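*Asks:* Each chain, written out:
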Amino acid sequence: MAVRLAAEPDSLRRSGGGGSGGRGAASPRSVRVNPRLIDDLARYGAQDVSKCYHCGNCSAVCPFSREPHLFPRRSMRYLQLGLETRLRGSLEPWLCYYCGECSEQCPRGAEPGETMMSMRRWLTAQYDATGLSRLFYRSWKAELLALAIVSVLTGVGFLAWGLLNGNFSIYDGPGAFLSSAVVHRFDWGLAAALIVLLAANCARMWWFSVVQAAGPKVPLWSYVKQAWLFPFHFFTQARYRECERKRPWAVHLVLVLSYVTLFTLIVFFVQEMQSGPGIDWRVHAFGYAASVGLVAAVLFAVRGRRAAREAQYRHSHESDWVFLVLLLAVAVSGLMQHALHRLGFLPAANVVYLLHLMLAVPMLLVEVPFSKWAHMVYRPLAMYFAALLADAHGAATRSEAPGIARAA
Amino acid sequence: MAACRIGVYICNCGTNIARVVGCDEVATRVSGLDNVAVARSYQYMCSNPGQEMIAQDIREQGLDRVVVAACSPRMHEPTFRAALQGAGLNPYFLEMANIREQCSWVHEDPRAATEKAVGLTTAAVRRVVHHEPLERRFVEMCPATLVLGGGIAGLTAALQLADAGPQVYLVEREDRLGGNVARVDLTAPYLDSARSLLEERIARVATHPRIEVLLRSRLRELTGYVGNFTARVHNANGGLRHLDVGSVVVCTGYREFDAARASEFGYGRLPDVITSFELERMLRAGRIETRAGVPPRNVAVVHCVGSRSERHHAYCSRVCCMTALKYAHEIRSALPEARVMDLYIDMHAFGKGCEDFYRRSSELKTMFLMYAKGHTPRIRQADPGETGLLIEVRDVLSGEEVEVPADLVVLMVGMEAREDSEEVAHLVNISRDKDGWFIESHPKLDPVATTTDGVYIAGACQAPKDIPDSVAQARAAAARILARIARGRIEVDAITAEVDESACSGCRICGEMCPYAAIDFDTGARRSRVISALCKACGTCAAACPAGAIRARHFTDRQILAQIEGVLEWPSNHGSSASSATGAPTRGPTLPEPAASVTAPTSAPSA
Numbered sequence: 015m016a017v018r019l020a021a022e023p024d025s026l027r028r029s030g031g032g033g034s035g036g037r038g039a040a041s042p043r044s045v046r047v048n049p050r051l052i053d054d055l056a057r058y059g060a061q062d063v064s065k066c067y068h069c070g071n072c073s074a075v076c077p078f079s080r081e082p083h084l085f086p087r088r089s090m091r092y093l094q095l096g097l098e099t100r101l102r103g104s105l106e107p108w109l110c111y112y113c114g115e116c117s118e119q120c121p122r123g124a125e126p127g128e129t130m131m132s133m134r135r136w137l138t139a140q141y142d143a144t145g146l147s148r149l150f151y152r153s154w155k156a157e158l159l160a161l162a163i164v165s166v167l168t169g170v171g172f173l174a175w176g177l178l179n180g181n182f183s184i185y186d187g188p189g190a191f192l193s194s195a196v197v198h199r200f201d202w203g204l205a206a207a208l209i210v211l212l213a214a215n216c217a218r219m220w221w222f223s224v225v226q227a228a229g230p231k232v233p234l235w236s237y238v239k240q241a242w243l244f245p246f247h248f249f250t251q252a253r254y255r256e257c258e259r260k261r262p263w264a265v266h267l268v269l270v271l272s273y274v275t276l277f278t279l280i281v282f283f284v285q286e287m288q289s290g291p292g293i294d295w296r297v298h299a300f301g302y303a304a305s306v307g308l309v310a311a312v313l314f315a316v317r318g319r320r321a322a323r324e325a326q327y328r329h330s331h332e333s334d335w336v337f338l339v340l341l342l343a344v345a346v347s348g349l350m351q352h353a354l355h356r357l358g359f360l361p362a363a364n365v366v367y368l369l370h371l372m373l374a375v376p377m378l379l380v381e382v383p384f385s386k387w388a389h390m391v392y393r394p395l396a397m398y399f400a401a402l403l404a405d406a407h408g409a410a411t412r413s414e415a416p417g418i419a420r421a422a
Numbered sequence: 021m022a023a024c025r026i027g028v029y030i031c032n033c034g035t036n037i038a039r040v041v042g043c044d045e046v047a048t049r050v051s052g053l054d055n056v057a058v059a060r061s062y063q064y065m066c067s068n069p070g071q072e073m074i075a076q077d078i079r080e081q082g083l084d085r086v087v088v089a090a091c092s093p094r095m096h097e098p099t100f101r102a103a104l105q106g107a108g109l110n111p112y113f114l115e116m117a118n119i120r121e122q123c124s125w126v127h128e129d130p131r132a133a134t135e136k137a138v139g140l141t142t143a144a145v146r147r148v149v150h151h152e153p154l155e156r157r158f159v160e161m162c163p164a165t166l167v168l169g170g171g172i173a174g175l176t177a178a179l180q181l182a183d184a185g186p187q188v189y190l191v192e193r194e195d196r197l198g199g200n201v202a203r204v205d206l207t208a209p210y211l212d213s214a215r216s217l218l219e220e221r222i223a224r225v226a227t228h229p230r231i232e233v234l235l236r237s238r239l240r241e242l243t244g245y246v247g248n249f250t251a252r253v254h255n256a257n258g259g260l261r262h263l264d265v266g267s268v269v270v271c272t273g274y275r276e277f278d279a280a281r282a283s284e285f286g287y288g289r290l291p292d293v294i295t296s297f298e299l300e301r302m303l304r305a306g307r308i309e310t311r312a313g314v315p316p317r318n319v320a321v322v323h324c325v326g327s328r329s330e331r332h333h334a335y336c337s338r339v340c341c342m343t344a345l346k347y348a349h350e351i352r353s354a355l356p357e358a359r360v361m362d363l364y365i366d367m368h369a370f371g372k373g374c375e376d377f378y379r380r381s382s383e384l385k386t387m388f389l390m391y392a393k394g395h396t397p398r399i400r401q402a403d404p405g406e407t408g409l410l411i412e413v414r415d416v417l418s419g420e421e422v423e424v425p426a427d428l429v430v431l432m433v434g435m436e437a438r439e440d441s442e443e444v445a446h447l448v449n450i451s452r453d454k455d456g457w458f459i460e461s462h463p464k465l466d467p468v469a470t471t472t473d474g475v476y477i478a479g480a481c482q483a484p485k486d487i488p489d490s491v492a493q494a495r496a497a498a499a500r501i502l503a504r505i506a507r508g509r510i511e512v513d514a515i516t517a518e519v520d521e522s523a524c525s526g527c528r529i530c531g532e533m534c535p536y537a538a539i540d541f542d543t544g545a546r547r548s549r550v551i552s553a554l555c556k557a558c559g560t561c562a563a564a565c566p567a568g569a570i571r572a573r574h575f576t577d578r579q580i581l582a583q584i585e586g587v588l589e590w591p592s593n594h595g596s597s598a599s600s601a602t603g604a605p606t607r608g609p610t611l612p613e614p615a616a617s618v619t620a621p622t623s624a625p626s627a
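For the protein sequence lines, the chains are A and B, in the order given. Count the first sequence with this note's numbering and you get residues 15 to 422, in order. Count the second sequence with this note's numbering and you get residues 21 to 627, in order.
Calculated from the structure, these hints are not laboratory results. Treat the hints loosely; a few may be bogus.
Stated by the list, open to error - Straight-line C-alpha distance at most 35 Å; calculated DSBU-like pairs for lysine-lysine:
#1 B/454 - B/393
#2 B/385 - B/454
#3 B/385 - B/372
#4 A/65 - B/393
#5 A/239 - A/260
#6 B/385 - A/65
#7 B/372 - B/464
#8 A/155 - B/454
#9 A/65 - B/372
#10 B/393 - B/464
Keep in mind that this is a model prediction, so the values were computed, not measured.
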């Protein structure tokens, strides 16, 4: 896939190169600098950007950095100058997987890896039109408050519904305290809401990075031709594998696949998951495997962040901890209610189930569209958009110079 | 010429010469020349045993001339002259042939190199016959010193001189002391107050019993020579002073580049474009504000205004980069909400503590924008509906054309030579470079003295420099002068020109040609005279004199012609002595154009 991204370096050089996030010649219009953007980004975790003196070691050592996406140095420069429009339209933060090589090699301690990370947070806030994301990233208190409000509303709602329509000592089947049929309908509603919110954010991302950035127009056929890139990168995290150390990729892949598996089980098979007391191996086998994978991957990340030795774990924003703690709590509470159900402690299972919902719903509603979770969509989408832009440049170059046959 | 007894000494210089030149053969072959009493080859002539060998031969063999074929006379001529003097011979009865730099170091063929060494040594032998005994002379040293300019360099030089005892006259054009440093608020990189640097010095100078400060005064004329100058100083009230001084220190400083000359920056046209000195005034007043009277939110600092430019001055003014960083500190501490943006070509942070200062400045959230030399930023009024100014510039590090919004633009104006530098140079008889800066005697080894003996330069009149460098140069100039005063008199080299007054027609061509103003015209006798204390023996006057009335001592026509003859007689010397003296088989034709291949040694005086 990287081959696609590296498309036509020569044509880019011919058309001026350098410029705007890999988009050939720089826009003829000047870009306004903003000396205060750097202060804003500091709230997202970019503390050391001004130390950078542009030796370029980071871009040289980065396994992903190649024409036309030479990062992180260029992004560091955009940030130092406060070129807001350039940064907003840049896909480069999403093309970085934070292996940390750049920060290890930086002679100034400018932490390019962490800067790219903070730019991802900032971009997430830019893609969100509601302003909630910006609020949550800049204030962990606001984020916790939002989580608490959603959690209480979820708890009160399900408790009222359960007490009015069900029996506290029944976990499953008719008269259950939390009927799986109702939870299932709720799941669908929640999934629909998340999809709408995420789609709106993705549309803005497309607008900033593909449409608004001055450059040749993306041909329509390209959208179809390259569409496979999104699912491919979503399910394989293939780009992460290009980092020198393979373990972070493996851990991340386990986390993603576990999460996707559990999400699928809950959205489509929640009734089978909740059935019992016998074990339905058709769904529970997947459930166990995914739960183990999720807990193991999260614990691995927690340990790394606590040790803070490796570059990618050295700096932790509040949003990173919220992400991990919620994920672990949701996984553990899900496993507990399952176990209590199997062991026959039905009222206890119902209590834990309610707690599980009070953790899972706010996590999904707050984190997926407005915070760190969104990156699972933005990253593969960035691969897709980058390929579109490469196609657009290729087409533009061919039409400019029809006589020049390009080597296959 | 009466017969004389010449000793010829061929130095091997270890293997430096002997590796290529057959030193023993040279000695053997020149031993047969007329007047040569003894010819020896020795490992190191400059060593004590080597010098002793010469002294012993002078005493025992009655030598009255010495030729040393060795290295360049610039290296060891003083050594061997001293050896002659030690043995009771006039030191000017020495001639050196340079068979190292002009022979063994530049030739690879031993045969040809040896032949050339023989030629050079023969020339020296022919020349030394005509040498005359010359006497060194001394002139008295007046201990008073004239210091021109009351800036940081002039104050420093004056204090150091006067503290040691001698009288100092400090002449300043303006009505106050302190110069350009007095216009500055803090100094980089330690953020010390410029005022505190000056105040103590000015107070001491003003009350010093041996410093006379002449404010609003100008030097009008300087006559005389080292140790014995007379300065005519006028003051603005019409007063006139004649000052007798032995030395002059020129510390006339610099002036700032006029920003209006670089029209692209809009200085004078746009209201909030100011120069660095105008910002200094705001900083000293404690109020940084725009023309509208409000504190600026964004301050842009543009480096290299007038410096490092094709259109104005190609040189770097050296102090502006660190001064610009200083503004980042001063502005941020006065206006914590303000942001400083530095538009620079290269950041020159070469001084002590400066790289660290640069690092600390970048931590103040200063935005550094690098622009390419020749791609000057353009400054314009912001579009309608916006306030302030916009600077359009191409940022090299991102390749982007960017617009920098600024409420205040500070132009880092460079240094240039003062408008009166030509006049001052003419008055004290020193030279200026193409940019108008005064030229030092040697750019590396003698940056304080000038081509006129007794006239020294210090501070930014020589080239753009910062306060520590100016102070160091001023102290060095003072130390040089004090060393001379301590000796009490000045030795004048015996090698000078002299006018045969009976042949002089008084045409004064020599006086016009002399680069050192060393020729005086006696209006009564209508004859030119050489002031030997000033003469550097360059020989220009001797060559120019239409009457042939000027003789360059130690470089007389006879001496030079004899030397040339010595080189030209080389083939016969070879033909006769090579076979007879060494009995060697006839040499192959390795030097087809012998006369053109040999170079006469230049025993140039130290001018």
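*Asks:* Could you check the structure against the hints above and give me the numbers of any it violates, in ascending order?
*Replies:* 2, 8
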